Every structure is written in structure tokens, then in C-alpha cells.
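Listed below are the residues making up each chain.
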Amino acid sequence: MAVSKPTRITNSIRSLRFAHGEMTQAQLAERIGVTRQTIIAIEQGRYSPSLEMAFQIAQVFKMPLDEVFQYPDGEGGPR
Amino acid sequence: MSYEEKRTWVYLVASTAAYAVYLAIVLGQVASTAVAQVPYVSVLLWTTGASIAGSIVGRVVVETASPSDSRRVDARDKEISRFGEYASRWFVIAGAAAGLVMAMAKWDYFWIVNVIYLGFVLWAVVGSVLKLVAYRRGL
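Residue numbers (our numbering), protein chains in the order written: chain C, 1 to 79; chain R, 80 to 218.
Note that these hints are calculated values from the structure, not bench results.
All of these numbers come straight from a predicted model, not from anything done at the bench.
Be aware that one or more of the hints could be misleading.
[To be verified] Simulated restraints, written as ranges between beta carbons of each label pair:
| # | chain 1 | residue 1 | chain 2 | residue 2 | range |
| --- | --- | --- | --- | --- | --- |
| 1 | C | 21 | R | 173 | 51 to 59 Å |
| 2 | R | 173 | C | 10 | 36 to 44 Å |
| 3 | R | 186 | C | 70 | 57 to 65 Å |
| 4 | R | 186 | C | 24 | 58 to 66 Å |
Just so you know, even glycine gets a beta-carbon here, dropped at the ideal spot from N, CA and C.
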């Protein structure tokens, strides 16, 4: 369970919402079955969604996963 | 604030208040009465019952004053709940272990019950605080 620090994953959800008819956080939350507070936490980088939830969000915007979520270079390489 | 976060706040306040009342009543009697004669059982049961009732009433009052968008419990709520329970479970284990040792050493029931009760209270309070920190600062 990754609980020691907020996620390094960044995302473009906020700008994508505006690009998709100014979708509200509540509307996005309803589409993927979470609370509005969870969408806020994801947008602010305070919560890293599961892979499944990330795919659900990307599907709402009809975008590839890596255009919705980004991870800094050099953080995920083999150790 | 989500429904689950509000629920955690209510639980924290009810648990803390109930234990504070219990301590105030029981410790007041310990000062003037032999421990074996302190009627702590009824106080413990009443304050525990009041804590449960207070949590239920508190949730109704909070939801009436500030209705939540929904009462859905989502993946984040579940992760935060698991995190809080996992991290605070040591207090229950420590309370139970201490109670076991004290029983083997033939301590008075008063102290055994109270150390176990303290373990439960710390589990509830620390777990709630950790969950609220996770809601605010992130997992």
C-alpha cells in the first residue's frame, strides 16, 4: 500500500475536462463511479488512481492513457 | 468533504468525547475509592453505548446541515479506510497483549479492563486521525 507520500503521477484531467464541453468534476465522477472528492484529489495529485480507474478516465476523454497521465522520466526504471 | 470523511470526523469526535466522559467519571472515583470498588462497568457500557448513539445522531445532524453530493463509498474511501485500520491495529494488539500479561500476573480486573479499553479507544482515535490526514494530504 503506497501511503507514505503523495503520488508523482501528474495528469491533464482538468484541462481535458474543459476541452470536453467544460465537463464538471461531478459529471466525470458520475461517469466513472467515484465521488467528486476523489476527482479533486486525483487532479491535485493527492491520490493515485488504480490502473483500472485510470483507464476509465482515459476512456471518458477518448484519449490514450499516457495523454491523460504522465510520470517523470527516470522514476520507473529498473533498479 | 465526502460522506465518508464526514463520517470519520463524527466517529472521531464521538469516540474521543465518550472516553473523556468515562475517564472523568472513573478517575474521579479512583481518587476516593479502592479500585476494586469503583463501579466502572456500568460507566463503560453507558459511554460506549452513548458513543455509538452519538455517532448515528451526529451523522444525521451533519448530513442535514451539510448534505453530501452522494453517499457512495469509492475506491479511495476504501483505500483510506484500510490504511487507517492497518496502521492503528497495533493499539488493539498492544491492549490485548497487555491485558493477557496483566491477567496472568493476577492484576485487578479494573486495570485489565481499562488497558484493553484504552487499546480500543486508541485504535479508534488514531485510526480516525490517520484517515483524516490521508483525506487531506493524500495517500
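**Report entry** Hint numbers contradicted by this structure
**Finding:** none
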